[in-house]
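Since the structure of chain H is already known, use the hints to place chain L on it.
Here is what each chain is made of, one letter per residue.
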Amino acid sequence: MTTTYKLPVGPLHVALEEPMYFKIDVQGETIAGLDITAGHVHRGIEYLTMNRNFIQNITLLERVCSLCSNSHPTTFCMALEQIAGIDIPPRAEFLRVIADETKRVSSNLFNVAILAHIVGFDTLFMHVMETREIMQDVKETIFGNRMDLAANCIGGVRFDLDTERKSYLGAQIDRVIPLVGKIHKLYLTDRTILSRARGVGVLSKSDALELALVGPVARGSGVEYDVRKKAPYAAYDQLDFEVVTGSDGDVWSRALVRIQEAEVALDLLRQCLQKMPEGPICASLLPEVPAGEAIAKSEAPRGELIYYLRTNGSDRPARLKWRVPSYMNWSALPLMMKGNKIGDIPMIVNSIDPCISCTER
Amino acid sequence: MKELQALLQRELDERVGEQNISLECRTNRKGVTTAWCRLKRIEDLLPCAQMVKALSGRLSTITASSREHARESGTHELAYHFDLDGDTLTVSLLLPLGAEVDSLTPLFRNADWNEREFMELYDIKIRGCLNPKRLFLDESIAPGVLDRLIPFSALVNAASTKTLWERILANREEGQ
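Just so you know, the protein sequences line up as chains H and L, in that order. Sequential numbering from 112 applies to the first sequence in the working numbering. Sequential numbering from 105 applies to the second sequence in the working numbering.
If we strip away everything but chain H, and leave its shape as in the complex, we get (with noise of 0.2 Å):
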């Protein structure tokens, strides 16, 4: 006889360190259904942001989400430079994706190590995480953080790179190119990783289309969908660079996406390298800003992040909106995860690579 029972799951588990609420149904082993409660911490941020300055919001919204913090202060800028009318000057362009291509770098390679923990394969846990502080070390050195890179500001940029800083940067890209290159064909080819991540929490091209899934989680299920490509901002329009996409849809696809993405990453930073203009890093004194409405999206490490912006001619926004890639990702895990066992579950779970602190603004 079969029987069907629920399996509360979190908010505090340990392959999710993070508060967010599942409801699993499950008949025996298998997953039969899932149900996700929110809110645990959600914070109000898009009140507070009403409440504070145009330049105060910066370093607030820098603080929605850690691993893709420089994606929210990027948009939220691009978004104001449109109703301000500002074009920011070339260099900016370039440092601004440098900036954010650093960031991928390492979020992509923290997702695909949790992968390795997860299946219990603590060693290649350890040496991504390694290479990975390698670019958690260029962050330090280049902007004075880990994390928070406070690199933007309105109209441009706040930091640049000297010849020295240059050099450095080519560097430490020359370190990690091989290294990752080395995971990529591990991740392709040990058994370990292919025998837990190959066919588990699979989502169809048509499910992921469906849901408006975005990212690496709809690349990997074969979605050519990236906003540097589909709506360029920066200086994304003026690199060479291939969507990549994956097609079986399952774990081990979506970690080979994040993977190559970050291959990818580390050629965009060496081709800013090379195209960077010389000029000034930020547009010239903030003009006043006008009542209006505009648009941003930028592709963050978890995929499409949109910003909408309402003034009303005070330095304050009338209304700020943000959706971040997490708030529909979720809704693949009932998904991915019917027909798989319960051990796969926080594998699943991680494939998506939720924020719940974005998702939780």
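Hints are computed from structural coordinates only; laboratory data are not their basis. The C-beta atom is built at its ideal place from N, Cα and C for all residues, glycine as well. Treat the hints with care, as some may be off.
Under 7 Å between C-beta atoms, here's a sample of chain H residues computed to sit facing chain L [what the hints assert, rightly or not]: (1) C264; (2) L299; (3) R302; (4) E321; (5) A323; (6) K341; (7) A342; (8) I406; (9) I417; (10) R434.
Distance condition first, Cα-Cα at most 27 Å in a straight line; then the derived DSS-like pairs of lysine-lysine [stated by the list, open to error]: (11) L:K237 to H:K134; (12) L:K134 to H:K340; (13) L:K157 to H:K316; (14) L:K134 to H:K341.
For chain L alone, kept in the frame of chain H given last:
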């Protein structure tokens, strides 16, 4: 931009009627277009969403106006942001307080969380919502609770002291 604007104008004229919308398009120097469509009638939302679906568009997100704005104006302003292969169409409408707006979940499954958030945080009524259960707050908390409670940020932020006491006094008057 001209192609997208012409396409949207044609489609919207057919489905909604030229007299019931205003459409504006802006394209930035990277060639990315944002289109802004304002609806005069609430019932035209579904035909607009059907148009986006027919154009293989995607619902990106939905924005509701702030509670203060809604209280002052007597209307919620809703802005539906759709992705059209990288370009963005924002369809906005004014919803009188207490009125209902059609759910988009039958067309776009990802409208689910957005609409549940509206019902919960703004007390906006959604017609035909397929999954009208709470999203962000505990089930024991009543709808529109953020309209009535004092946010923690206001409570602990010294800069907001005046706002806090104004809210307390207003609530007391309402209670009397």
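Results of checking the hints against the structure:
{"no.": "1", "hint": "C264", "verdict": "violated (19 Å)"}
{"no.": "2", "hint": "L299", "verdict": "violated (31 Å)"}
{"no.": "3", "hint": "R302", "verdict": "violated (37 Å)"}
{"no.": "4", "hint": "E321", "verdict": "holds (6 Å)"}
{"no.": "5", "hint": "A323", "verdict": "holds (4 Å)"}
{"no.": "6", "hint": "K341", "verdict": "holds (3 Å)"}
{"no.": "7", "hint": "A342", "verdict": "holds (4 Å)"}
{"no.": "8", "hint": "I406", "verdict": "holds (5 Å)"}
{"no.": "9", "hint": "I417", "verdict": "holds (5 Å)"}
{"no.": "10", "hint": "R434", "verdict": "holds (4 Å)"}
{"no.": "11", "hint": "L:K237 to H:K134", "verdict": "holds (15 Å)"}
{"no.": "12", "hint": "L:K134 to H:K340", "verdict": "holds (11 Å)"}
{"no.": "13", "hint": "L:K157 to H:K316", "verdict": "holds (17 Å)"}
{"no.": "14", "hint": "L:K134 to H:K341", "verdict": "holds (11 Å)"}
Of the hints listed earlier, those the structure fails to meet are numbers 1, 2 and 3, in rising order.
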